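Student: If you want the building blocks of each chain, they are given just below.
Number of protein chains: 4
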Amino acid sequence: MTFTAAVSGASGYAGGELLRLLANHSDIEIGAITAHSNAGSTLGELQQHLHSLADRVLQETTPEVLAGHDVVFLALPHGASAEIAAQLSAETLVIDAGADHRLQDPAAWEKFYGSPHAGTWPYGLPELPGHRADLVGARRIAVPGCYPTSVLLALTPGFAAGLLEPDDVVIISASGTSGAGKAAKPNLIGSEVMGGMSPYGVGGGHRHTPEMEQGLSLAAGERVSLSFTPTLAPMARGILTTATAKVRRGVGYAQLREAWERAYADEPFVRVLPEGQWPATKSVLGSNHANLQLAFDEHAGRVIVSSVIDNLTKGTAGGAVQSMNIALGLDETAGLTIQGIAP
Amino acid sequence: MTFTAAVSGASGYAGGELLRLLANHSDIEIGAITAHSNAGSTLGELQQHLHSLADRVLQETTPEVLAGHDVVFLALPHGASAEIAAQLSAETLVIDAGADHRLQDPAAWEKFYGSPHAGTWPYGLPELPGHRADLVGARRIAVPGCYPTSVLLALTPGFAAGLLEPDDVVIISASGTSGAGKAAKPNLIGSEVMGGMSPYGVGGGHRHTPEMEQGLSLAAGERVSLSFTPTLAPMARGILTTATAKVRRGVGYAQLREAWERAYADEPFVRVLPEGQWPATKSVLGSNHANLQLAFDEHAGRVIVSSVIDNLTKGTAGGAVQSMNIALGLDETAGLTIQGIAP
Amino acid sequence: MTFTAAVSGASGYAGGELLRLLANHSDIEIGAITAHSNAGSTLGELQQHLHSLADRVLQETTPEVLAGHDVVFLALPHGASAEIAAQLSAETLVIDAGADHRLQDPAAWEKFYGSPHAGTWPYGLPELPGHRADLVGARRIAVPGCYPTSVLLALTPGFAAGLLEPDDVVIISASGTSGAGKAAKPNLIGSEVMGGMSPYGVGGGHRHTPEMEQGLSLAAGERVSLSFTPTLAPMARGILTTATAKVRRGVGYAQLREAWERAYADEPFVRVLPEGQWPATKSVLGSNHANLQLAFDEHAGRVIVSSVIDNLTKGTAGGAVQSMNIALGLDETAGLTIQGIAP
Amino acid sequence: MTFTAAVSGASGYAGGELLRLLANHSDIEIGAITAHSNAGSTLGELQQHLHSLADRVLQETTPEVLAGHDVVFLALPHGASAEIAAQLSAETLVIDAGADHRLQDPAAWEKFYGSPHAGTWPYGLPELPGHRADLVGARRIAVPGCYPTSVLLALTPGFAAGLLEPDDVVIISASGTSGAGKAAKPNLIGSEVMGGMSPYGVGGGHRHTPEMEQGLSLAAGERVSLSFTPTLAPMARGILTTATAKVRRGVGYAQLREAWERAYADEPFVRVLPEGQWPATKSVLGSNHANLQLAFDEHAGRVIVSSVIDNLTKGTAGGAVQSMNIALGLDETAGLTIQGIAP
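Chain order of the listed sequences is F, W, L and B. One point on numbering: in UniProt numbering, the residue at position 217 of the first sequence is 217, and numbering is uninterrupted. One point on numbering: in UniProt numbering, the residue at position 194 of the second sequence is 194, and numbering is uninterrupted. One point on numbering: in UniProt numbering, the residue at position 186 of the third sequence is 186, and numbering is uninterrupted. One point on numbering: in UniProt numbering, the residue at position 188 of the fourth sequence is 188, and numbering is uninterrupted.
Bear in mind the hints are in silico, worked out from the structure with no lab data behind them. Note that the structure is a prediction, hence the values are computed from the model and not measured. Note that the Cβ used here is the ideal one computed from N, Cα and C, for glycine as well. Certain hints may be false.
[Unchecked claim] With a cut-off of at most 16 Å between alpha-carbon atoms, the simulated EDC-like pairs for lysine to aspartate or glutamate come out as follows: (1) L:Lys246 with W:Glu258; (2) F:Lys246 with F:Asp167; (3) F:Lys246 with B:Asp105.
[As the list claims (entries may be wrong)] Stretches of chain W that chain L covers, calculated by requiring three or more beta carbons in the stretch to come under 8 Å of a beta carbon on chain L: (4) 242-256; (5) 293-302.
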């Protein structure tokens, strides 16, 4: 049995990555492809890499166009999804790549996004404790932010196992530019980004902060607070997160390693690398995989976890498709790229 | 029915790309994975991106290890394949990514490679006139060089249609660094290549020259001579070829365009882009596709053809798997990545 | 004695490179710094790398602001310089980085730029035969385009020595993105350019074509025609040009080499590399140098010249400052960066 | 009066950067240029960007060759400098880019470097409290490591002003590949590094850790302990450091900002950016500048300081030349590149 899927925001990076994966998904038939300002163009004019879909014509992003599909993917600017989703039937599986339905706390949403809270949907990160069950049979899914995916996969095992202190988590992430989207902003042109790095959103104001604290707090069973600094790297795809947390007194490296390995032992897409191997974003380019490695800096009393994902794949579209598979009762790995493209 | 395949040179870039594609090929079961100097290591230590094959142990590259497979891929240094192939049965489909069996003219081989000619095998570029038929049922295949794949796809239609002058073809190609292999040479370190470009092999000495002239001459039915200059670009994968040839008197743009479109109308992996769209190597990253565009510079009397491929995919491993599919009577597109990974 | 200089278009890449060089020029005192749409901002907000000028406030680009300086550099959009220059005194040395005054033939200008010809000023490429003398005491200078600088330095010696055929010159250049300016265009964002290459302006329509033909024809004493294809490379700065021309019957490598070496023997900024060394754009990053190498492809009957420059330095601002030095009677190398920044 | 300077390790990146700066230093005459394994080669064969020194012939690195110069720069592998320095006169200003003489504590040296401590020389980072005075008239100077330069400039002001807690400092740095030197290691080839990021030396074992703790402890007047994680970025030059430290109770943003601004108010090479401007490594490429910015994450109770330097300039050779200027009584900024090369 195949399911029909509509993809909105098809001219952007998230929409393009969704189409790349769905085109290769034998249980999915791609229906309407929509983009608000490019309706009428062929997909080939906007996403030259999607060869088998080059002649598809983009439609308007309206509830009418999206209706009638089994699955609707929304890859729209923040604030746009709640309204459209409200006009789709309850049977339609609506998967939102935007932030609108990720947070549980309305106050946190309003503080960081400055608009009314649109509600909370099941969170599309099945590797987190308890989350997979919420996705089974779901008809609304909120795809996590890319940085939160990276950070939550990196740290959740230690918090779930009670091995880490909940305060003073320090995280620095480096991301490729596609995380900033396709909009032509002056600071994102090639001449400005190639060959250098720079930080942004420093000091606690990044919108992904409440999302990360939410996930870690759920795992820990107590309130986790963190400092998050994103940096922009001269690469198109990838997130390397270096996440550090204080280790509880008496906990040693062996316990830490065991907790992480146990958390992911049966996960198809997350792997703690063998000791001595360090992760690289290139190894997961285009893949739905996340690779991790941990080290225990006893001198500093902190565990340092390095995680790598592709921000567009596991960080956005791959996570969306994986969650869709669970919701529809399909093989969880269906249609997902396993191997990375390297070099 | 599945076929078993062995892959030698598994620690290199060509071997890695072969494994990436074969792991996703439902008609192929990967057997022995070999590498002459890394036997005993796990594949994960050497090719961190091949997640589903991480625990495979590399074996020695010997005829005994390779025997017993339906297909044997050789991705070895030049000169090594003839000897190993001679010890494999005539029923085994042996696919050589090296240069040893590409050239028809022993004198050209000895001039450019300085060793005795090992013989000529069917040439693994099915899009060239007459070549697909040679691959059906073949049991020996020579995979073209990456630059020749790029150049022959770019120019053959015009020569086959008799529209181009056979002398004074001028070609400049820009390639990503993976074309130079995984060996740690001083001029290939990141600090030396990032942020800049440089030429090499200038002046007619590049080993791919006779291979290109062979293919174009076959298509033209007369001897084609060319000047080829490769340049190294700061990217890991991709070849952008700019190939120019003199247009015969009386031939106009419409005829040129028609010849190219006709040549590739039914080809699953080669596309002449709609007018106004220019090819980009990023659009074929990790994909077995080639995209082309042509322009007629009437002032100069030359057709300029721009072609893009991924040097490791269509230029090496993808071309090998595509040819294997034809030889084994499988769907020609089986196991091959269609969409590029972008951005 | 110091001269005062005003720099317009100070928020762009050419303006920024002019300021970088002038800030280090002991004979120049920087006066007004202007930018049409950023007047009132500090330079530090727009050009973070110009540390010693960070607190300078940008003024409007008007004749009133520019008047009263010994030297006025115009780095404005095409079409803007003629009008402003007309309002500056004849004593002011006006140096135009735009194209408006480069071409001698009004018909060529109108064909490629689609506006009335503004006139012809002395051409700021002193290494070309006869050009240095035109710059001595000049009060109007047209800075060459970056590709023409690269191409003319590459090929002029052979034409001046009568060794090359004037027809069917074929040139392919690869340029860093800064050549496209600072405007935030969708195809120039980092995610679109990093890791790949693509051609543009293919087929004879590139505006630099008449400029290149003009320079080569002047050197040859007869009409030279060429085919030029630019390509975009994933680097911020640099142009690698591969220029090929047919060699006249009877001419050999030794003659070619001698002609090039003789042409540049006394030039401070152009060097033909020792045999066996190939040029790299990284070796001239930030430097006013051009490095060349030639090879004679006897099989193809063509000389292949590879040249590297930094498009913003020798290709724009460095060439402008060098020409200014000549015009003002200063040491030609004053204020100019000699060494490249590598790696 | 000019001083003569010899530069050893001239074929490496540090040696090359020293020569680039010294060639432009009007008080310095470059004498012997040495390299242990390339003696007899011309510099142009190894450092193609040093145009004005292309014909210099490299000599052997021996005390005899180095003797007789006013200044001797050592850019050698670790462990080599003590022996050579011992054979140079006490009047010679010996400046060591290696680590051998940076640490004060022999136990820390032996723990991290595994060899006998060679002694402690004045530390070449004049911006640190009290350090400039030690360099005046010095005849032995230890150039700091690149990461320590980056980290100490970032955090010292807060510790010197007593505003920060000395425990649990967390630092993540991203560095360009030139920091790893010119050796052709498999993990450093372009194909392995371009387009991705990876961590290394994770968990407290990086050799720069004791050097950073030494500098911060000196400033704090008490023992500072930190966790440092380096990561490799796809760029040739640059270090972006994100350093976080806990802020003492009662300290607010205004006090923090005032401490940093006061620390660097009179420094020619270090600048705290205006509020709202974030540093970028591209803005200091090839420059001896360091740019900083700080943010107070009140939620996390930490100050986050972002600093950017060029690892080869301020991080190595620029810092060496700056310290030399102080030692010789020259203008501290002599010969040093101020502006960065951007884009």
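Student: Broken hints, numbered, in rising order?
Tutor: Of the numbered hints, 1, 3 do not hold.
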